[in-house]
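With the hints as a guide, bring the two chains together.
For reference, the chains in residue letters:
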Amino acid sequence: MIKYIVAALALGGIVGYLNNNWGNITAGNFVSDYLFNVSLLLLLFIMGVSFGMDKESMAKMKRLGFRILVFPFAVALGSILGGLVGGLILGINVTASMAVSAGYGWYTLAGPLTGQLFGAEWGAVGFTVNFLRELVTIITISLTVKIDKYAPIALGGATTMDTTLPMIVRYCGSDTLITAFSSGFTLSIMAPFTITTIATLI
Amino acid sequence: MDLIKLVVLLVAGILVGYFLRNQKRINFSKVTFGIIIVLMFSLGFTIGSNNELLNSLPRVGLNAVVILLLAMMFSVLFVKLVRRSVNIE
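Same order as they appear, the protein sequences are chains A and B.
Okay, so the first sequence: first residue is 0 according to numbering that gives the first Met the number 0, each after it adds one.
Okay, so the second sequence: first residue is 0 according to numbering that gives the first Met the number 0, each after it adds one.
Extracted from the complex, chain B is given alone in its bound form (with noise of 0.2 Å):
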């Protein structure tokens, strides 16, 4: 998928919402959810034909568990200490 279509719809998308500021907010939350399960069900087919990610998975057990674990557990605290020396709220 090539960034810049995905940086286009979303800078069209929040153009448009910006024109629109002023009317009646519609609620997209059930079209969006519609989307989202089409979404990960074409995601879980990509993974599910991709016989060289699956043959990977037996193969490499803990490493890869403990690296995934350590990785994702330093992400989320360095991301914490951040907003706060820099005050995001």
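Extracted from the complex, chain A is given alone in its bound form (with noise of 0.2 Å):
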């Protein structure tokens, strides 16, 4: 399966490419914005139905309740951590490799705000660490889920509301689905808080 995911996301790429420099011959609204939202919604829903008709999915939900809640917060941490020890490492300014570690994925977000807080150079590695983490978890999904059947969500970060979602679902199992949901969206919510946050305070 995983291959297919592979080949479909490098054609995308390639078309895009090309429809956005040998002009628009496709407008290239239609798929980024119109297919692309489409089918998110459509599979969120028809997880969603999945996931309802699901007795033992809703009944395992239904234990874990709010415990589900520290998975974004241990995301959030271990990502903002990382980030700190990369940037002692490597010797750089180390609130904005925080900062930047801190888009967890998202890179539509990280990019442009990093960019604006710390300078166009920030601004390149907060859109190429973000968006890497968001291609990472889905092309090494097969292999990270047997380390740990929650270990896709911490990688997927901010972005497991949405683009990985359908993967983790259907590698790390349909009783993921919530977890996996409010992840991601506690992270998006958390995203734009928290690199402002470490910029102006740190």
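Please note that the accuracy of each hint is not assured.
Said to hold, decoys possible - Simulated crosslink set (DSS-like; lysine-lysine; CA at most 27 Å straight-line): (1) B/Lys-79 <-> A/Lys-59; (2) A/Lys-59 <-> A/Lys-148; (3) A/Lys-145 <-> B/Lys-4; (4) B/Lys-23 <-> A/Lys-145; (5) B/Lys-79 <-> A/Lys-61; (6) A/Lys-145 <-> A/Lys-59; (7) A/Lys-145 <-> B/Lys-29; (8) A/Lys-2 <-> B/Lys-29; (9) A/Lys-148 <-> B/Lys-29; (10) A/Lys-2 <-> A/Lys-61; (11) A/Lys-59 <-> B/Lys-23; (12) A/Lys-54 <-> B/Lys-4; (13) A/Lys-61 <-> B/Lys-4.
I should point out that these hints are in silico values taken from the structure, not numbers from a laboratory.
Here it is as structure tokens:
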């Protein structure tokens, strides 16, 4: 399955690049807005139906209850600590490297925001780190799920409420749907706040 | 993408599924696979047409890779730790 995913991603990348740089043959917005949104919303609905019909998953979710809220905070702390350690090892601006990793994979937010706060060079790093986080989560999911059932949710960060969610549900099991979605949702709300907080306080 | 739209569709799906829970289970995996392929294609397309992102990639190199790897490592580690401490199977 994963090879089809990678092929679809790569093909999309090439077509998008060509379309963008040699005149818009198809309206790019059609694919990146319409097709993207419709397929994502459709997937969320179907995954919801499948989850609602599954008595076992529903029962498991009820048992977990509010404990699932520990996930986004663990991911946020882990990401920021990773940025801190990385900044120290590389001998670069530690505040900036922490802010970059507090994008939790949301590159369209973290890129422009870190660029604004720390300059264009850091904007490029913010873009790359968070974009690669999304990409690596998708491509390595069949391996990382073996480390820990919830490892892909940790890796996906803020993206586990949209782009990486369908893959997570497929590989980690239908019962992880709410855990993954709520973790991504919480991290998406936290990302702009943690980035700016790190930038202004530290 | 509005966060709200995603939440509404997900909750609507769960409610529909909940009311159908005593029906014979449907296997959605072929349908979802097809839609995932469409989603991944359009994700790739969005990335490929983002010139600002593509220009950033080669300029940052090692710094980005190190920060990314450490952020991912510590995220997994912390999730493993809290999972054990609050007892999540």
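Query raised in the report: Hint by hint, which ones does this structure get wrong, listed from lowest number up?
Result: 3, 4 and 10
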